[in-house]
Amino acid sequence: MPRKVSRIESRRKEEENRNPQIARIFSYKCYITFLTGCYSCHWKFRRWEKTKLGSCCCTRREQCFCVFLVVAFIFSVIMLFTWIETSNEYFGFDWVVFLLTGSWFFWSILMLSLFGILTVYTSLLLILGILLLWERIELYLHKSHKILIMITILVHTLLMVILFKFWNERWLVVGLSLKIFAPYVHLSCIILMVIISWPLTFYLAHLEGEIRIRRHRMSYYNKERLKKCNIFTRLRALQLAVGLPFFFILICLYAMPLGIYSPCIQEKEELGPKPVFFAHRGSPMAGPENTMMAFEKAVEEGASGLETDVHISFDQVPFLMHDYDLRRTTNIREAMPEAASNHPSSFNWSTLSTLNAGEWFVRPGTRPFFNMKPLSEADKKRARNQSIPRLADLLTLAKKEQKFVIFDLFGPPHKHPLRHTFVRQVVSVILASKIEQHLIFWLPGHDRQYVRFMAPGFQHVGRLVSVDILTKENISIINVDYKRLFYNGLRDYKAANIYINLYLVNEPWIFSLAWCSRINSVTTDNIPVLSQLTHPHFFMTPRYYLFIWLLLDIFSAIFITAIFCFHWWKELKEEKLLEASRTFTDSQSLSHSVEQTEDQEASHLPKKPTRVRESPWTPALPGSRKKLSDTSHFEEPLKKKPGSIKITRNIVTDFEDSQVPNWGVAGEAAPQTTLPTMKADEPTVPFTEGPHPEIHPNTPILEPAKESSPSVIPL
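Start counting the sequence shown at 14; every next residue gets the next number (the numbering used here).
Among the hints, erroneous ones may be present.
[To be verified] Derived DSS-like pairs: lysine-lysine, alpha-carbon spacing no greater than 25 Å straight-line:
hint, residue 1, residue 2
1, Lys413, Lys447
2, Lys447, Lys416
3, Lys192, Lys507
4, Lys386, Lys412
5, Lys412, Lys447
6, Lys57, Lys159
7, Lys496, Lys192
8, Lys178, Lys412
9, Lys412, Lys428
10, Lys192, Lys281
11, Lys287, Lys447
12, Lys287, Lys496
13, Lys156, Lys57
14, Lys192, Lys287
15, Lys428, Lys416
16, Lys281, Lys507
17, Lys507, Lys287
18, Lys42, Lys178
[To be verified] Label pairs and their calculated CB-CB ranges:
hint, residue 1, residue 2, range
19, Ala391, Lys178, 42 to 48 Å
20, Asn355, Val542, 33 to 39 Å
21, Ile122, Arg497, 45 to 51 Å
22, Thr554, Ala391, 52 to 58 Å
23, Leu590, Phe560, 41 to 47 Å
24, Val542, Leu205, 25 to 31 Å
25, Lys393, Phe58, 36 to 42 Å
These aren't lab readings, by the way, just hints derived from the structure by calculation. Where a beta carbon is used, it is the ideal one built from N, C-alpha and C, also for glycine.
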């Protein structure tokens, strides 16, 4: 029993000792299987043949798909960044798609999700490929990944062409965002470069250590082979290909603030007043657009002005409507399906007043904004009872609340009774409402002289034209798209004391940019959020930014240098340990061979031989161990009879396991040492091979002469 217990305990101890190693190997197998499974769909572990450091990682075909993967990743990042920055335009994009398809859906959110998924997919594949290269495993991308990568490139190319051709103005948003985000992008990029510097410097130090080890282990034969394969040149090229772009990008980031201009980097004393709000079609996130509920909500939210769109009915009643048909914002499809696509101005007011203009707003499938807050039950009930309002109803509210009114006036279609006199009809309705004339921001440019004559108190609003034209037409207010204003002479308008109203501004970062640029007012859908801002986002003083810039540059440079020195020192330390272990191993093997030789000499050789007749293959006399390493002992007989013997040597190097010379491939016989048969009366001397000199490949190999007598080495 005690013996069995002791055996069980010993087995348990062995298992405990082996478990960490088994767990480590098992986790490594799982890691490699996960990488190859996700990248190549090989879910069974196999011992992959590792590629040589400095050699090609895969075939030419796989290299092409690696390039396609990088291109797909770049396209995905560009499209994702562009779509995130154009979030202010999501409603406009969904509305354009509605005009083409006739159905309302959040296509903008669908596109955002698509770009996000493609970016994550390509980035994960790229990371997997980098990890496989780190493990020096040959890349093999699965066919399904290849097909998806090509589809990704085609989809992004098609969407870019569409955006450039039909939505070209949206690309201005990307450049506009850099005006406010550039300082923070700069600081974030430096932090990212610091993070990347850790694996990059480790790789550079590893390559340098590999070069030193290869040079130390290299023999003369490998030097000759090196002239053909030139492995050191490849390793140096890898170092330059990895290190130089990183260094160049880092230097550019350090100098980047010299070329950055952001309106939000200024002194606090120079910051202008907060822009006032014009409610775009009322408050379309709190009530159905262009209804009295929406305008009343906008007044409650603190809007300074009300913005709307005006059509004229067939019986000469101006009413509020934005679209060129009634499908989206009314129940025309249920009430009059045969006339659902007709122009709004083709209906009489008696028909328009009976349509419901709020039921669509309550339905989940037709709500206009993705980020709308949920409505209360009272607001839902109120929204369901909304109808199309007249312009006179809006003017009554504006007069009561003393709010400015600005509107787009759409001309009626052909065969309308007011085709050429619709402006005069609208002016008469405004004058009939008895509203103060200075509260009207007159935007339509048609028949402006008549408007000036009939209502001299209207504040005329111009478009994005030159200051000279505005001065000539006596216009001191402009209403422009926010994407164009910042690229077309903002300083000239401010110098001429022009009042600037921007549309459509929903995102806080665009509003912050307008605030820092001293814009007077903005037209927005998002008054509840923008009204809560007490200071511009991303605002900082020049001194603060300079301090952050220099501090981050200095600390990042010190940190990156420290990381580089640490990895370099670590690689040198490992190299010294490796050389020390090799030296210790060589000395042990040499001492062991010498002791074995001495024992054999002491047991077999006579102590005082008078004369020893040696075979020509005997390398030395008994007791003369020093001559074992002397090359002259072999050179003398070779000089006397060069054709009598054949000396060959099996060259074994530590250059690489995969670079051991393959003698069979070259068609040559494997090198070996052949000794002639000794005579029975001759003393046997053990043969001990000492360190031989390096044999040049061009040295002629001496063959044994036929029927030649053995030569005797003279004493």
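* To do: Kindly indicate which numbered hints from before are broken by the structure, ordering the numbers from low to high.
  => 4, 8, 9, 11, 15, 18, 21, 22 and 25
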